[in-house]
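Undergrad: Residue numbers (the working numbering), protein chains in the order written: chain A, 1 to 241; chain B, 242 to 534; chain C, 535 to 854.
Please note that a few of the clues may not be correct.
As the list claims (entries may be wrong) - Cβ-Cβ distance ranges computed for the label pairs, FRET-style:
{"hint": "1", "chain 1": "C", "residue 1": "542", "chain 2": "A", "residue 2": "58", "range": "38 to 46 Å"}
{"hint": "2", "chain 1": "B", "residue 1": "406", "chain 2": "C", "residue 2": "810", "range": "51 to 59 Å"}
{"hint": "3", "chain 1": "C", "residue 1": "553", "chain 2": "A", "residue 2": "93", "range": "24 to 32 Å"}
{"hint": "4", "chain 1": "C", "residue 1": "639", "chain 2": "A", "residue 2": "143", "range": "52 to 60 Å"}
{"hint": "5", "chain 1": "A", "residue 1": "72", "chain 2": "C", "residue 2": "810", "range": "46 to 54 Å"}
{"hint": "6", "chain 1": "B", "residue 1": "406", "chain 2": "C", "residue 2": "639", "range": "55 to 63 Å"}
{"hint": "7", "chain 1": "C", "residue 1": "835", "chain 2": "B", "residue 2": "420", "range": "36 to 44 Å"}
Unchecked claim - A partial selection of chain C residues facing chain A, derived with a Cβ cut-off under 10 Å:
{"hint": "8", "residue": "674"}
{"hint": "9", "residue": "697"}
{"hint": "10", "residue": "698"}
{"hint": "11", "residue": "699"}
{"hint": "12", "residue": "728"}
{"hint": "13", "residue": "729"}
{"hint": "14", "residue": "733"}
{"hint": "15", "residue": "736"}
{"hint": "16", "residue": "738"}
{"hint": "17", "residue": "739"}
{"hint": "18", "residue": "813"}
{"hint": "19", "residue": "848"}
{"hint": "20", "residue": "849"}
As the list claims (entries may be wrong) - From the derived model, a few chain B residues whose C-beta atoms are all more than 12 Å from chain C:
{"hint": "21", "residue": "279"}
{"hint": "22", "residue": "406"}
{"hint": "23", "residue": "510"}
{"hint": "24", "residue": "521"}
These are calculated hints, taken from the structure and not from any lab test. Every residue, glycine too, gets a C-beta built ideally from N, C-alpha and C.
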Amino acid sequence: MTPLLTTKGLSRHFGGLRAVDGVDFTLMPGEIRAVIGPNGAGKTTFVSLVSGRIQPSSGAIVFDGADITGLPAYIRVRQGIAYTFQITSVFANLSTYDNVALPVQRTLSDGRSKGAVKAGVMTALERTGLADRAHMPAGQLSYGHQRLLEVAMGLALKPRLLILDEPTQGLADSEIDNFITLVREIAKNATVLLIEHNMPVVMQLADRITVFNAGKILAEGTPEAIRENAAVQEAYLGTAP
Amino acid sequence: MHFGPHLLLAALEGLVTSAVLALTALGLSLVFGVMRVVNVAHGEFFMLGAVLAWAITAAIGGHPALGFLAALVIAPLIVGAIALVAERLVLRRLNYNPEATIVATIGMLYIIQQLALSFYGPEARPVEPPFSYRILLPWFGYSGYKLSIIAASALLLIATWLVLTRTRIGLIMRATQYDSETAQAFGIPVGRVYGGVFALGAMLAAIAAVLIVPISQAHYLMGQDPLLLSFIVVIIGGLGSLRGTVVAAVLIGLSDGIISMFFSPTLAKIIATLLVAMVLVFRPQGLFGTTSR
Amino acid sequence: MSEASPAKAYALHLGVIALLFVLSFVLPDYYHGLLARIMVLAVFAMGYNMLFGYVGLLSLGHAMFFGAGLYGAGLAVIQLGWSVPLAFLGGIACGAVLALVIGLLALRTTGVAFMIVTMMFAQVFYLLILYFATWTGGDQGQVVPQPARVLNFGTTSLDLTNPTVRYMSALALFSLVLLVTLAIVRSRYGRVLVAIRENEERTKMLGYDTFSNKLIAVVVSGTICAASGAAYALLFGYVGSSFASVQYSILPLLWVLLGGAATTLGPLIGTVFMYYVIDVTSGYTSAYLLIVGVALILLVLFFPKGILGTARQRWLGWLP
Chain A
1 MTPLLTTKGL
11 SRHFGGLRAV
21 DGVDFTLMPG
31 EIRAVIGPNG
41 AGKTTFVSLV
51 SGRIQPSSGA
61 IVFDGADITG
71 LPAYIRVRQG
81 IAYTFQITSV
91 FANLSTYDNV
101 ALPVQRTLSD
111 GRSKGAVKAG
121 VMTALERTGL
131 ADRAHMPAGQ
141 LSYGHQRLLE
151 VAMGLALKPR
161 LLILDEPTQG
171 LADSEIDNFI
181 TLVREIAKNA
191 TVLLIEHNMP
201 VVMQLADRIT
211 VFNAGKILAE
221 GTPEAIRENA
231 AVQEAYLGTA
241 P
Chain B
242 MHFGPHLLLA
252 ALEGLVTSAV
262 LALTALGLSL
272 VFGVMRVVNV
282 AHGEFFMLGA
292 VLAWAITAAI
302 GGHPALGFLA
312 ALVIAPLIVG
322 AIALVAERLV
332 LRRLNYNPEA
342 TIVATIGMLY
352 IIQQLALSFY
362 GPEARPVEPP
372 FSYRILLPWF
382 GYSGYKLSII
392 AASALLLIAT
402 WLVLTRTRIG
412 LIMRATQYDS
422 ETAQAFGIPV
432 GRVYGGVFAL
442 GAMLAAIAAV
452 LIVPISQAHY
462 LMGQDPLLLS
472 FIVVIIGGLG
482 SLRGTVVAAV
492 LIGLSDGIIS
502 MFFSPTLAKI
512 IATLLVAMVL
522 VFRPQGLFGT
532 TSR
Chain C
535 MSEASPAKAY
545 ALHLGVIALL
555 FVLSFVLPDY
565 YHGLLARIMV
575 LAVFAMGYNM
585 LFGYVGLLSL
595 GHAMFFGAGL
605 YGAGLAVIQL
615 GWSVPLAFLG
625 GIACGAVLAL
635 VIGLLALRTT
645 GVAFMIVTMM
655 FAQVFYLLIL
665 YFATWTGGDQ
675 GQVVPQPARV
685 LNFGTTSLDL
695 TNPTVRYMSA
705 LALFSLVLLV
715 TLAIVRSRYG
725 RVLVAIRENE
735 ERTKMLGYDT
745 FSNKLIAVVV
755 SGTICAASGA
765 AYALLFGYVG
775 SSFASVQYSI
785 LPLLWVLLGG
795 AATTLGPLIG
805 TVFMYYVIDV
815 TSGYTSAYLL
825 IVGVALILLV
835 LFFPKGILGT
845 ARQRWLGWLP
């Protein structure tokens, strides 16, 4: 099986700081991959490079067999890489419906037909449990619902690779359970790359875990292997496992 | 006259233009640098300085030097006070939002211009120079007053530079420019700094106008060209950079005289404006600035 | 933007058009002519609103697009002897091409730099008109001769200098642009424009090429403004450099701010209201720029959403 995403020697420097430093990374189709690491380890910079929000200093990114290193972000999105923001950035003044209609109308081949757009939007809203709030301005949704709206917008892009940047940050425990169910469902049709601080969520969801430290990959493996890894415990989990 | 002396004359005239331009542009640059506000009414503060200089000298009478010195002190103070009021009443309430402040300063431009027309009138009026000593060079005589403009401007620029780099006030201004939120957290009264900087910027324009008015004339539309030229200087010199502003002012001042020897003034303006627009499009950090990244 | 009540929105717009039609028969001569002028200038404001209101790009140089239409159409008649319809289309084409070039350059900048750059390009346009005075008439301007302002259809002809024909032509252009604007902002493209205004970075990450979308908006906006300019030249028979000056870049901003940015009818309301204010105050003062200045400051300070923007927020959520 060919990998969905590969990076080779991917680096990004900010002045003297090597935020991402020569990362070789491989992601197989259908996986749920978690990326963990201490603050400032370069996780968000890494996924920003993959999504095209920032340009690498050196290295290459290959998506589905094609080099996408030089492509602007919007074309990567069209090729199937969706990114949900760490800081919630829904369109606060637009209705929840319009927020989701934006990705839907672009991915639909017959996006001109109002009925098709409406059906697509309502499907995404129903999957995330936001259907009854369709006509509320997104800015008036609760924080947890705004996070879900972010996911709904990502879903509506029909991505092959969905990048979730700290999706459970600020969510209540009950909301987190629903969220885990949702990600499992998404993973039936898409590969998921998940940056997450909440270890229970990571352990429940991830097929494999990649650990970042100081811009480099420190370790990679199954949740069990990572849990047992001494270097990871030292760098990331501290002394207590 | 031979080519050499001719060039010297052109260079001297260019330096006078540069001197006045550097002061005016410095005011615009300070306001943009510290407050991130583009003051479209800057040229009108310049015009007010000139009009007030005429009013003050006319009111005082006596020896021209007396009226001129009074104007040099009083006109900038009045203009500074007007700017301060405008800042408190309008810009502060807009929270210095860049786009809203541009619209508001366009409004100020119209208001000041129309008030000047209503109260001062459409005539161009001269102000007598404080002294009329002519320096006799081997090839031609040159106005001592014009040379004193260059000297006065240089002194003021050096003084501003010293204030900015060597004093506590300068430190506070630079801290505000660098990061207003952190400055606020360290107890710097950012609001008052903004008020002071806006007034100072207007005063620099007014001083420049008082200096130039004895060799040009006071007119209610005279603010337009200094505004455009100041924009050009600030953009070429790099926004908020004192050294860049002075270098660009000298460059523009000198080349303005030389370009208008070859082209019609309108064509010179077209070329200059187009070039500067292109600088903004392709090198927004200015010709002398460096990229932040 | 809302999915609800499209019928209500279309009914309102058709009602406004019907009202303007009826007004042509009841207004006294002076206001009849004034309203024709206002409708043409409201088209200018609608073009400006397309970019400023819906995409959030504040241009300080739209006088150049109005001027491109004005001179494109006016000079085609005066210097080249073109017929009225050809000259009208020529003027619009001038504006569209200019908008494309300016858009390609100016959209490399954002925020304050965009405002300054558009102002500078407009200044260059204005100075070019003065520089080529032998052709354009410079700051004196030129009159489009009356005999040339006639539309010929075989045996029948329409004289644009006739007040009723002029009013109806202005109304036709106004109605067309109003309905086109309404259709655009209700379309999926309109939704993308608003998304760019609200958060351009996020819009990119939904797979939209924001640069191209903004460029299209600049061209649409510039084309509408040029249509207004071309109509002005042909209907009122005068081209002059003052129409390309900075002031005519500020006026549409003022009209749109006053009427309500990002509302389809705001530009008309703002233009009517501003003309009304100036008309009323002209008895007391000739300094109408003073009123413009005060209005600008009061609007940004206390009333940034304008008349219809405030109405939409408070009472009429369905207003497009």
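Undergrad: Among all the numbered hints in the text so far, which are the ones the structure does not match?
TA: 1, 4, 6, 7, 8, 9, 10, 11, 18, 19, 20, 21, 23 and 24
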